Each structure stands twice: as C-alpha cells, then as structure tokens.
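Asker: Starting from the given sequences, assemble the full structure and let the hints guide the process.
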Amino acid sequence: MTDTVKRLVEPESIHHVVIRFAGDSGDGMQLTGDRFTSASALFGNDLSTLPEFPAEIRAPAGTVNGVSSFQVRIADSDITTPGDAPTVLVAMNPAALRADLDRLEKGGLLIVNSDAFTERDLAKAGYKENPLLNDSLRAYRVVEVPMTSLTKEATAPLGVKSRDAERSKNFFALGLVSWLYTRPVETTTSWITERFKDPLVRAANEAAFKAGYHFGETTELIDHPFKVPPAPLRAGEYTNVTGNTALAWGVIAAGQLAKLPVFLGSYPITPASDILHELAKHKHFGVRTVQAEDEIAAVGLALGSAFAGHLGVTATSGPGMALKSETISLAISLELPLLVIDIQRGGPSTGLPTKTDAGDLQLALYGRHGESPLPVIAAYSPSHCFYAAIEAVRIALKYRTPVILLSDGYLANGSEPWLLPNIEDLPDISVQFATELNHIAEDGSEEFWPYLRDPQTLARPWAIPGTPKLMHRIGGIEKEDGSGNINYTPQNHQLMVNLRAAKIAGIANDIPLATISGDEDATTCVLGWGSTWGAITEAVMRLRAEGTKVASVHLMHLNPFPKNLGEVLKRFENVLVPELNSGQLCRLVRAEYLVDAHSISKIQGIPFTAGELVAAIKQRIL
Amino acid sequence: MSDTIVPLTTKKDWASDQEVRWCPGCGDYGVLQAVLQLMPELGVSPANTVFVSGIGCSSRFPYYMNTYGVHSIHGRAPAIATGVKTARPDLDVWVITGDGDALSIGGNHLIHMLRRNVDVTMLLFNNRIYGLTKGQYSPTSELGKVTKSTPLGSVDPPFNPLAVALGAGASFVARTHDLDRKHMTEVFRAAHGHRGASFVEIFQNCNVFNDGAFKDIVSREQRGEMLIDLKHGEPVRFGADGHLGVMATKDGSLQIVEVADVGEDAILVHDKHRQNPGLAFALAGLSHDDHSPTPFGIFRQVESHEYSSAVSVQVAHAYERNGPGDLGALLRSNGTWTVK
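Residue numbers (this note's numbering), protein chains in the order written: chain A, 111 to 732; chain B, 137 to 476.
Hints listed in this document are in silico derivations from the structure and should not be mistaken for laboratory results.
Among these hints, one or two may not hold up.
What the hints assert, rightly or not - Simulated pairs of lysine-lysine, DSBU-like, Cα-Cα distance not exceeding 35 angstroms: (1) 318/B <-> 579/A; (2) 579/A <-> 147/B; (3) 369/A <-> 673/A; (4) 673/A <-> 728/A; (5) 369/A <-> 476/B; (6) 148/B <-> 579/A.
Claimed, not checked - Computed far set for chain B versus chain A, every beta-carbon distance over 12 angstroms: (7) 149; (8) 159; (9) 169; (10) 191; (11) 213; (12) 216; (13) 219; (14) 227; (15) 284; (16) 292; (17) 347; (18) 357; (19) 407.
From a predicted model like this one, the values you see are computed outputs, not experimental measurements.
The beta carbon of each residue, even a glycine, is placed where N, CA and C say it ideally should be.
Answerer: In structure tokens:
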C-alpha cells in the first residue's frame, strides 16, 4: 500500500458504525459483508451481523426483489444488535438503493456504484428518473464512485476480460470501505490468496480490492477515514460464529459429551440446511448424516437411530415441523431421546423462507395430536446456539424425550464473536443404556420392563438392540405402565398421560431459575425469548442510561418454564413481551400466571431494532 | 463374524409371550408361523434382530416376535428401519408392512429405501384391502372394487407392487403366498440372505373384508394351472406336466403359450441375476388380474451397492484420514483471535 500518494489525514475515532452492503443477488454482497466482518473480528471489535437475502437464487438481475444485503455493526464496546439503522449504505445498483435507502440514517453516508445507474437499470428498479441527478437524496451524504469501470481499469493489465472484471467489483467496494474504517488489509488479501485457486481470478480480486482501498486514500470524495478501536472484550480466544454453525458444533459437542454417535436425518430447507452441510463435514466425529427423501423420513430416520442407540437429530424449519409432527408424537410415546431443531422463518406455508420469525413457539409447544407435552428450548444469540444444543440434548437423553430446539433465520445467519469455552468445563451428559433385567414376573422369573420408570426423572430404561435378554417391543399404541404391553384400559391411559406430563413438568427442577437483569426494583419487566435478546438487552441498557428503571427476563426454557417465573413476573406492574409473532409467549404467561402481560409484536421478517423497542416500551410505561 | 457366538435357538425362543390378536382364519398367522420356523435356521440371535412395522393388521407382527421391535406409524416403517440399519449395520432389520401402509401412505419411503438398497428385509402383506379400518379399497384393489368407500366401484387402477419395487431399482424382488409355508420360508430365507433391500410381496388373504381375493390363483385346486413357480436357471413352465410356458415375443413382452406349440427352446429361461430388470418387470406384469396365471418366487436378485455399509465406510474413512474428532480444533476451525 505504499506505491501511491497518501493523503495525510488522521482517522477519526468513533465508538461504533453500522455498514450495510447492498447489491444484486449476483454481486457477492454476502461475501463482501462476511469478509468485512472477519477483518473486524480479527481486529478486535465486537460486532453483530444481519445478512438478508432473497429466496430466489438469482431473482431477475437488477430488480428490487433480487437485492441481497449484509448489515454489520462494529463497535469498541460490548454490543448485542446489528444496529438500528446503517450509518453507511453501499448500494451497488439502483435496486439496492431503492430497497434499502429507507433504512439509512438521515445524514448517513451513501456510497453508490454510479456505473450501475444506467437507464435500463434505473427502469428495472422502478425509478422514473435518476435519483443521483435530482435532489431526492439530499438528506444523505452521497458519494458516487464508478466502481465497475474502476475495477475494469484496475484488472485490465492482468489480462482480465471486461465481463469477468465486473465480477470483482464487490472487492472494490470492500477495499473502499476497508480504507474508510481503517481495517487491516492483510486479513483480506491473504484470504483472497487462500480462497481463489484460479490465479487470474485471485489476481483480479486482489487488484480490485487494492484499487478500492487506494481510491479512498487518494481521492477526496470522502474527507477522512474513521477508526473503531478494538472492544475491551473479556480476555480469551475468540472466533466469529454464525448461529447455524454454532448449533451444528453444539450437536457434535453434545455427541462427544454424551459419548454417543450423532445421527442427523434432514431434508434440505432454508434456513436450516447449513446444519446438514456443517454436520456432513465432520464424519470423523462419528457423525452420520442422511439426506432423507422428505421431512417425515428425516425425523423417522433420526428416531430409528435413537432406538438403535444413537443421538438422533433432525433439523428443519416451519413447514418441515408441520410434517414431522406425527413422528414427534411417536417419539413422545416411545419415550426415546430425539433432538428436533426448528430454524424458524416467516409463515404460514412457504411464507418468507429467508427471513426471520418467531411464529413457531406455539407449534413447538402444542403442534401435535393428543396430550403430547415435550420440552422446548430456545437459543438467544448466534453463539448461544452452541450451548442451547447441548442443553437440549442433555434433557432429551436424561428424560428420554424428544426436545424441540428453536432458533431462527436471524440467529442462523447472523454472527458474533464468541469467547471459546474450555472444553473441560462443558457438562458430562452421558447416559447409561439398560443392560439387566429389571422386573420379577408373577411366576418368579426375571424379565425386562421397558416402561419401568426411574423414580426421580420418570424416564424409562433405554435398552438398545444387541443387548442380550432385553428384547422388547414398543410402539405408538398406548402401553401398560411398566410392562409396556398394549393396554387400552381407561385407568391406564389416564395414568400414562399423567406420567408423561409429570416427566416433562419435572424438568423444571433440573433447569436454572429465571433471573432478572437490570433494575430489580423497576415496575416494568421486559420478558423475552429467542433472538430478541440482543435488541431487548440494548433497549434496556439505553433506557437505564436515560434514567428509566426497567428490568428484563430472558427465557431459554419455554417448556417447562423456570419454577420461579410466575413469582418473578408478579413482582412487576408492567410485563412487556416483545416477540416476532403476534404475542405467543405473551398469551402463554397470561394464561399460565394470570399476569397482565402486554405484547410488543413485529412480524416483518426482520428483527426488532433496539430503537423500536425503546420507543415501544416508553409508549407503554411513560 | 467368526468370534461372535450365535446362540442356538429354537422356534420357541423367537415367539413373544403376547397373545396373537389377528382375526381367526387370517392369512397373517401363516406368515408368522413361517417366520418363526425360519428364524432358528438363520443362525442369528433374537437380541440382534429388529422388526419394524407401520400401521395396519400386519404391522402388529413385531409384538409377536421375541426380538427388538418398533410398531411405528402409518407408512413410515421403511424410514425408521433405514435409521436403525444405518446407525447400526450390525443389526438384522426386518420391515413388516401392508399394501396400504407401503404403497399408499408410505409410498415415498418404500421407493427410497429400495433405491438406496438398505440391507433390510421387507415383507409386504398384500390383501388388497384396508382391514384395520374395516374394509376400504387399497392401492392394490382391482379397478371397480366395491367397498364401503367405493359403493359404486373404485375408479383408480391398482399398483402392481413388484413393478413398483422393480421401478425403484430394488435389488431383490420376490412374491409368495400365505398358503404355502415351505415356499414362504424359502423365499424369506433368500430375502434375508440377500445383501441389500429385499422386497417380498405376500399374497395374504383377509377372510373378513376381502375373502378369497387370491383363491383363483393360490387355492390348492387352482395352483396347478395358475401358479407359475419361477426357478432360477430353469425354463418358466407350469400347468400339469409343465405343458404351459412363458415365451418372450419380438416386442419384448411375455406371453403364455402351450410348450408343445412353440417347442421347449422357445420358453424363457428364468435368470434372477440378470442386471437389466426388463424381463423381471415383464414377468411382474404377466398377470393383469386375479384370475390369470401369476408368477411366484424370486424375480430379481442382483448384487448392488448397499447403503448402510457405505455410510459406515465414509465415517470410517473420515476417521482414518482425520483421526478422532477434536472438539477444541473444531471450534477453532474458522480462525480465532486472542484478546489479552
């Protein structure tokens, strides 16, 4: 970076910035955002990301439907959200400008690829006139950069054809923004070297990246760069992780901690497929993955593997959950451990496949026929998906029950720095298979009763095929308490329904109590679950900084609830429940505890911002 | 296997203590007896054997076997069995199913288990009726079948189970019937011995809701002229003194002929190991109703890539290549940085 004339301008230090890269689906915006994130993570910032992309792989180029965006917030302090509004919007074409301009904060920096503002592309985006030529953008600081032609110029000496050169323009944008926020160059250039095997592509991307960086340095379009110093994160070793990766690793870890081979049955579905992809890579952990013929087979395979003594797992999203319902009920009846992962997306039906939502809570709790309670766990941040998976497996194994683990599209694709745990500190969740006969028959002979329960946990013995003498048959027909033989009698059915319910309810004795964050003496409590944790945490922090007393409680265990939840909620005059659904947890706590909880609802396929929550909470209590 | 001691078992060791609850006179009893009789001869142990079934009369079968068993849900037995076998290729896995269970609600799992060639032995009890729900037409009921749900006769044509299996690429396809214990036993033995998915259709009489569905073919009086017993390597002949035979015509279809009319050399010689399933498919389609000569025995038996062992081999190779999984290394695999 020394071969050009540098303007001697000192970067201005700021605490945080929100950058949004937006372009066509084919423009490589996810990659650009991901690289900027990595460089910032390695630099030591705290960060939070929000990737957003269309359901179409290549929606018609240049249209608003085809816009793919990646928002990243970097900060010099601990942050929990990707920011309320971007400070900087990089728009690679008119459609991206049209789709995302409303999000940019007033006075924000708008960097546009002016080459893409042709009559044709403007028309495709629905612009009647060029917004760069009228005063419609006057509320923003607009920087027009002919990125396509500058990229072509920079790569032409390498012999790159004009058409191919265009593909590197996202690296030009990355270079420019990397200069603007004084990101280390080395992180990106060495990644380019490693990632691109074709020497010409590698050289073109590196040239485009450097050209973008130099462009910022040498032109005066942007008066000076900024720096966001590293955040004072807790000492230790960090990695940047997305929710789906953390969740897949959590499943692998759970298998290791349980000393059981992992068996994933899964059918491709957005946004859960990455769990299948990730687990399929790690067969040397003894992980078996089967891409099933459908969602029903996927959970059936997992349940079959559980009967055979493996850690059975299936991962899906809402539509798949609906299809798995009957098999999950069978797992409840068979009382076998099973992990069912639901990466929620907008519904009903196909809904918003690539967008986030929390509308499956009641599906998870109640979406089965008959009396069929099961434990429900929700992850609250990308890295928390790792621990949530281990906890879900712990409960499934110990209580021989299917457990539904809820994540969502925002957690799945969003990322954050993760302070790596000490492997030795992770819990031992191993279980014992039954090996001995456990009952004396009337004639005095010993026999095996598959439904003879542990008096503490009410879990039944898990006797796997291959174990001598413990042959037994189980099925979905109601079973006699103890022996497990078919039994249709009224009293037995009532008893079995009660036992299955008591087993799940009893898990409340085996999970942490609900804890209050913020002001314990506040009159208002914000109750949350799942991925709203980041926005709630930041909103509560802002309100408290303004002098408003407020508390929050965040739930990881949604069935059973922590034992003290009712008592905790009753301490507050106002209980507000922000959810990316129409108030599913809110209705539940009202019904369960007779507290006058109020819903703060948003169902737009995008997460709450902290600002929205601050406003909603204030409206309710001030 | 040499160091595994398989206990010597008797028929008694394989029967559970549960009372068998099929209707008196049901064809299922005969199949259960054939299986119970066969198991001690296979040199396997009840503890290593798993029976998985779906829903329907026949799917109660696992309760009557003193093995590991799962009576699952409607249509899903092939998926659950694939899970059992893929997790534990060391187990001996059987699937018990019926025409409604396997060919209607579970059609998708059936074809994919066969396509993957999972080493599972599937016995499909075909009685051409829904018995447990008291008599609706099934996907193998003949066109025009009058049942409670089709008072004016069904208007959808039936599946040919063997053709479905062959179409899905099944590596072992056979047919037997509930009135011939010896034939059943031999077909089951071969199915069990086959490495890969074995598909056995059993003509099974439902004496309550569809009595006599197959009597024109399998009854003692009719068998001689109606049952074509396929024998590997032998000409396909049947009838008194083998006066009838099956001949391939120029267009590839099969036709029943008087052997005397065409000469012995013109008669098709059955080769169950033929890779191309065309002739097996033609044999499966030879009979188009319940009143014409119908082939029984093993239609197809070919060596093919087996699924559960292939999955295990991939796991073993990954282990050899990368060593045992190291959780600490996994968590660091995307790069890390240290905050001091």
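Asker: Among the hints numbered above, which are violated by the structure, and what are their numbers in rising order?
Answerer: Per hint list: 7, 10, 11, 12, 13 and 14 violated.
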